[in-house]
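Colleague: In the working numbering, each number is its position in the sequence shown, counted from 1, plus 1.
Simulated from the structure, these hints should not be mistaken for laboratory data. A virtual CB, placed ideally from N, CA and C, is assigned to each residue, including glycine. Heads up, a few of these hints could be off.
Restraint ranges, calculated between C-beta atoms of paired labels, are given here [what the hints assert, rightly or not]:
(1) LYS566 - ALA736: 19 to 29 Å
(2) PRO237 - LEU216: 23 to 33 Å
(3) ASP66 - GLN173: 16 to 26 Å
(4) LYS754 - SER311: 47 to 57 Å
(5) LYS754 - SER310: 47 to 57 Å
Straight-line distance between alpha carbons at most 27 Å, and here's what the computed DSS-like set of lysine-lysine pairs gives [stated by the list, open to error]:
(6) LYS240 - LYS37
(7) LYS255 - LYS79
(8) LYS508 - LYS566
(9) LYS221 - LYS255
(10) LYS478 - LYS748
(11) LYS392 - LYS408
(12) LYS556 - LYS327
(13) LYS53 - LYS255
(14) LYS668 - LYS679
(15) LYS732 - LYS685
(16) LYS508 - LYS526
(17) LYS67 - LYS79
(18) LYS255 - LYS556
(19) LYS668 - LYS688
(20) LYS526 - LYS6
(21) LYS556 - LYS754
(22) LYS478 - LYS688
(23) LYS349 - LYS408
(24) LYS429 - LYS408
(25) LYS754 - LYS668
(26) LYS478 - LYS221
(27) LYS748 - LYS526
(28) LYS663 - LYS648
(29) LYS36 - LYS478
(30) LYS6 - LYS566
(31) LYS126 - LYS429
(32) LYS392 - LYS6
(33) LYS126 - LYS80
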Amino acid sequence: MLLSKRWIEPEPIVIPDSLQAFYDVSPYLAEVLAKKGIIDEASAIPFLDYTKYTPTDPSELPGVDKAAARIRSAINGKKCIGIWGDFDVDGQTSTALLVSFFRNLGIPVQYHIPIRSEESHGILKQPLQDFLAHGIDLLITCDTGISAHTALNFATQNGVDVILTDHHTPPQVLPDVFAVINPHFVAAEHAYSALSGVGTAYILTRRLAAELNILSSWEKTCLDLVAMGTIADVAPLVKENRYMVQYGLELMRKNARLGIQELLAAAGTAVEALDEQDVSFTIAPRLNALGRLGDANPIVEFLLTDELSSARRTATELEGLNNQRKMLVNQVYQAAAAQIEQDSGFDKKNIIILSNPNWPAGILGIVANHLTDYYGKPAILLTSDLSGNLKGSARSIEGINITNLLKANEQLLLSYGGHAMAAGLAMKRENLELFIQSMHASIASIVNIQQIEASLSIDAYLPLENINEPFMQVMDKLAPFGAGNPSPIFLAEHLHVVNARYLDRDKIHRSIQVAGADGQSYEVKWWHAFDTPLPSEEINLAYSIRRSTFRGEEKIEIEWVDAHKAVPEILPAPIPKPETVIYDFRFSKARMDDLHSFIRTYQPVCWGENLSGIEESIYNRLDIPEHAVLALLHMPPSAAVLRHILKQVHPSALALFNLPEKPVNLKQFLQTILGMLKYAMREKEGKISLNLYAALTGLTTEIIDLGLSFLEADGQITIRQLSEDERIIAKGIQAADPAARGNYQEKLINAFKRVQAFRRFLLRLPPERIIAEYDTDAEDN
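Sequences are here, hints too, so could you generate the full structure?
Modeller: What follows is the structure, encoded as structure tokens:
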């Protein structure tokens with residue numbers, strides 16, 4: 002029942018001359034920058050390289066200066082500072098950051114994170130009163146408190162100054178506190194406007210650290226915490242957030258704190274290649290598991306400890322809790338799905354509302370999100386709290402603001418809060434049926450779910466065979482990806498599913514093998530696929546890519562996003578043209594006689610590369626002109642080359658031959674390439690074109706690129722990349738690297754095998770299929 006989305010094709014974009022340097026590195030890199038409104042080097046460089054970014058003055062965040070002065074007074078007087086956090090990762094890292102800052106200064110500090118099952122979100126008066134009884138002189142909240150009027154007013158009335166740091170939407174009337182620091186108080190275009198809870202707390206400490214002349218060391222101490230909390234809270238990775246996350250991830254890769262090292266080790270994730278997805282899907286779920294299922298307070302010490310045994314013990318506990326969380330999520334999901342399957346009127350309903358008194362509250366948001374993704378409808382899941390009332394989580398889809406829907410029915414609720422896509426709520430049990438009826442009426446008055454067509458923006462057309470290391474290096478420059486800087490969605494066309502298997506015992510995630518017309522197969526990970534029927538027809542695949550490291554081996558991972566039947570709606574209607582006439586001489590026993598006869602009769606343009614004993618005038622892929630009749634003298638090395646030739650020539654008649662290429666093995670190929678490189682270094686200042694070398698050898702640009710890398714690993718040359726196509730080659734200056742050389746040799750052998758397999762595939766393919774499959778307006782790759 003997984004809903005396929007409407008695809009929005011990429012819009013052509015003009016690259017300004019000011020981005021020419023980036024275009025030379027990669028046209029795609031320049032396109033992305035231009036789409037983001039980054040149109041000059043002065044803006045592009047700090048976006049791509051955090052070390053060139055100038056951090057914003059903390060004093061530009063309202064309330065920071067006033068709060069910093071009050072904290073300096075507490076520091077000077079060695080007063081006890083209390084930190085009140087929240088149990089999600091943003092709250093945990095905020096708490097750990099502030100505790101670490103004051104401990105490093107030798108200031109007495111205590112902290113409290115609410116226990117979800119007992120206190121829920123926010124700040125309740127009684128738990129706060131108990132906390133203040135420990136001699137707290139100054140209270141600082143982090144990631145919470147903006148709506149906690151009763152509790153914080155109580156603190157103020159009892160002589161405790163409160164500095165409220167939070168990033169949630171402020172109410173019209175603020176709590177009565179000493180200072181409020183919230184990114185909502187700056188303009189939307191300001192660098193601080195999208196701060197997370199931990200980001201907001203960090204800006205306050207940054208102001209203090211600069212005043213205390215410890216800023217440089219403090220950044221290196223805490224920006225990993227900022228990165229984790231910002232990513233986990235899905236804060237937009239733009240402006241200051243992007244800088245802090247880039248810096249923090251680099252700190253984690255180079256010198257992760259002990260607790261995180263142990264957590265990643267228990268999860269089987271390599272810290273050296275850690276990226277934002279590892280934070281989202283490995284670190285955050287494990288830290289969140291304790292907050293969802295137990296008491297998150299121990300996380301603070303886990304994040305700050307230098308004691309190996311303690312870190313390892315907590316990491317093991319977190320791994321176990323995360324496994325328990327996954328089991329509970331699966332159980333609740335299956336139970337919710339069973340309720341849906343038993344509802345004969347479900348298809349006509351615009352919203353999912355389910356309840357069960359035994360469902361654990363801590364994981365309802367996760368399950369609601371899965372249901373929303375799968376069924377394409379908003380979902381609200383409810384369970385019982387300790388008082389017998391109902392509480393739960395809501396998730397929505399684009400186009401329906403779930404918090405506004407709750408507001409329209411607030412007379413039936415005890416409390417609610419959230420944003421357009423997610424919310425929490427509580428109600429009396431006796432109001433449930435009326436609430437369900439009222440919510441259905443409210444949403445029906447706004448929109449019919451069937452009329453909401455989810456869309457997916459395609460960033461670029463990228464055949465799977467074009468995913469390579471140079472392209473991933475461009476992706477590395479654009480990362481980290483997330484809210485505000487989403488991971489690009491690429492489109493690969495004309496694939497079919499070859500095989501599939503589940504990746505887990507619960508049969509939630511799948512590994513799909515897909516293949517194109519060339520027969521080359523690729524593994525695609527399909528997260529939360531469940532038992533969705535696999536397409537039997539040819540598909541166009543929308544996908545994303547990322548680096549992945551497993552058991553020390555790094556690879557490029559392709560992730561399934563969506564699929565359409567081949568030739569989806571986003572493609573422009575083909576221009577009608579006369580049916581191509583095909584002459585098939587591939588299996589002729591007199592092929593040279595047939596070729597000579599065909600040339601005399603039809604005067605075709607002939608394509609061929611690296612052929613043996615051919616006297617006729619032939620063209621390669623780069624110089625072949627448009628012509629009515631085309632003779633393919635042998636089978637091209639890849640689907641991309643074949644498409645390019647057909648697109649360039651645009652023939653109305655096609656003749657297929659199978660003349661022998663010059664025999665070539667790996668050693669001969671490397672000798673040929675090395676000879677060409679020596680000429681380029683002598684006559685062309687070392688400048689070469691991958692496409693030209695591929696045309697001269699009759700191979701693919703992938704093989705040429707791998708050949709260059711092999712020779713560099715062998716110490717014979719050095720390479721400098723000018724663009725996706727051009728390289729500057731110089732004599733080798735480093736010793737050979739046997740391991741790298743062996744790796745590239747294996748890749749070269751596999752690449753040669755792919756060329757051979759594609760040529761064999763074309764020989765077996767009926768001639769009309771060659772036209773049907775490859776005579777398209779596909780991009781030249």
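Colleague: If a hint holds in the structure, say so; if it does not, say that too.
Modeller: Hint check:
1. Checking the proposed 19 to 29 Å range against LYS566 and ALA736 shows it is violated: the Cβ atoms sit about 53 Å from each other.
2. Evaluation of the 23 to 33 Å hint for PRO237 and LEU216 yields a pass: the beta carbon distance comes to about 25 Å.
3. For ASP66 and GLN173, the Cβ-Cβ distance of about 24 Å falls inside the hinted range of 16 to 26 Å, so the restraint holds.
4. Checked against the given bound of 47 to 57 Å, the beta carbons of LYS754 and SER311, roughly 51 Å apart, stay inside it.
5. Against the hinted window of 47 to 57 Å, the Cβ-Cβ separation of LYS754 and SER310 comes to about 50 Å, which satisfies the hint.
6. At roughly 12 Å between alpha-carbon atoms, LYS240 and LYS37 fall within 27 Å of each other, so this suggested pair holds.
7. Simply put, LYS255 and LYS79 have alpha-carbon atoms about 34 Å apart, too far for the 27 Å limit, and the pair is violated.
8. Among the hinted pairs, LYS508 with LYS566 is consistent with the structure: their alpha-carbon atoms are about 25 Å apart, no more than 27 Å.
9. Taking the CA atoms of LYS221 and LYS255, the gap is about 11 Å. The hint holds against a cut of 27 Å.
10. Between LYS478 and LYS748, the direct Cα distance comes to roughly 25 Å. Compliance with the 27 Å bound is thereby established for this hinted pair.
11. Distance restraint check for LYS392 and LYS408: the Cα-Cα separation of roughly 16 Å lies within the 27 Å cut-off, and the hinted pair is therefore satisfied.
12. At roughly 26 Å between alpha-carbon atoms, LYS556 and LYS327 fall within 27 Å of each other, so this suggested pair holds.
13. Restraint check for LYS53 and LYS255: satisfied, since their Cα atoms lie roughly 19 Å apart, inside the 27 Å limit.
14. Restraint check for LYS668 and LYS679: the C-alpha separation of about 17 Å stays at or below 27 Å, so the hint holds.
15. At most 27 Å may separate the alpha-carbon atoms for a hinted pair to count; LYS732 and LYS685 meet this at roughly 14 Å.
16. Between LYS508 and LYS526, the direct Cα distance comes to roughly 13 Å. Compliance with the 27 Å bound is thereby established for this hinted pair.
17. In summary, the hint linking LYS67 to LYS79 is supported, as the alpha carbons are separated by about 19 Å, within the 27 Å threshold.
18. Restraint check for LYS255 and LYS556: satisfied, since their Cα atoms lie roughly 20 Å apart, inside the 27 Å limit.
19. Between LYS668 and LYS688, the direct Cα distance comes to roughly 23 Å. Compliance with the 27 Å bound is thereby established for this hinted pair.
20. About 18 Å separates the Cα atoms of LYS526 and LYS6, which keeps this hinted pair within 27 Å; it holds.
21. Between LYS556 and LYS754, the direct Cα distance comes to roughly 20 Å. Compliance with the 27 Å bound is thereby established for this hinted pair.
22. Distance restraint check for LYS478 and LYS688: the Cα-Cα separation of roughly 24 Å lies within the 27 Å cut-off, and the hinted pair is therefore satisfied.
23. A hinted pair counts as satisfied when its Cα atoms are at most 27 Å apart, and LYS349 with LYS408 qualifies at roughly 23 Å.
24. Distance hint between LYS429 and LYS408 is fulfilled; the C-alpha atoms sit about 16 Å from each other, no more than 27 Å.
25. A distance of roughly 15 Å separates the Cα atoms of LYS754 and LYS668; the hinted pair therefore holds under the 27 Å criterion.
26. Simply put, LYS478 and LYS221 have alpha-carbon atoms about 22 Å apart, close enough for the 27 Å limit, and the pair holds.
27. About 22 Å separates the Cα atoms of LYS748 and LYS526, which keeps this hinted pair within 27 Å; it holds.
28. Of the supplied pair hints, the one linking LYS663 and LYS648 holds, its CA atoms being roughly 26 Å apart against a limit of 27 Å.
29. Taken as a hint, the LYS36 and LYS478 pair is honoured in the structure, with Cα atoms around 15 Å apart against an allowance of 27 Å.
30. Of the supplied pair hints, the one linking LYS6 and LYS566 holds, its CA atoms being roughly 12 Å apart against a limit of 27 Å.
31. Note on LYS126 and LYS429: the hinted pairing holds, with a Cα-Cα distance of about 22 Å set against a maximum of 27 Å.
32. Restraint check for LYS392 and LYS6: not satisfied, since their Cα atoms lie roughly 32 Å apart, outside the 27 Å limit.
33. Under the criterion of a C-alpha separation no larger than 27 Å, the hint pairing LYS126 with LYS80 is consistent with the structure, at around 23 Å.
Against the hints set out earlier in the document, violations occur for numbers 1, 7 and 32.
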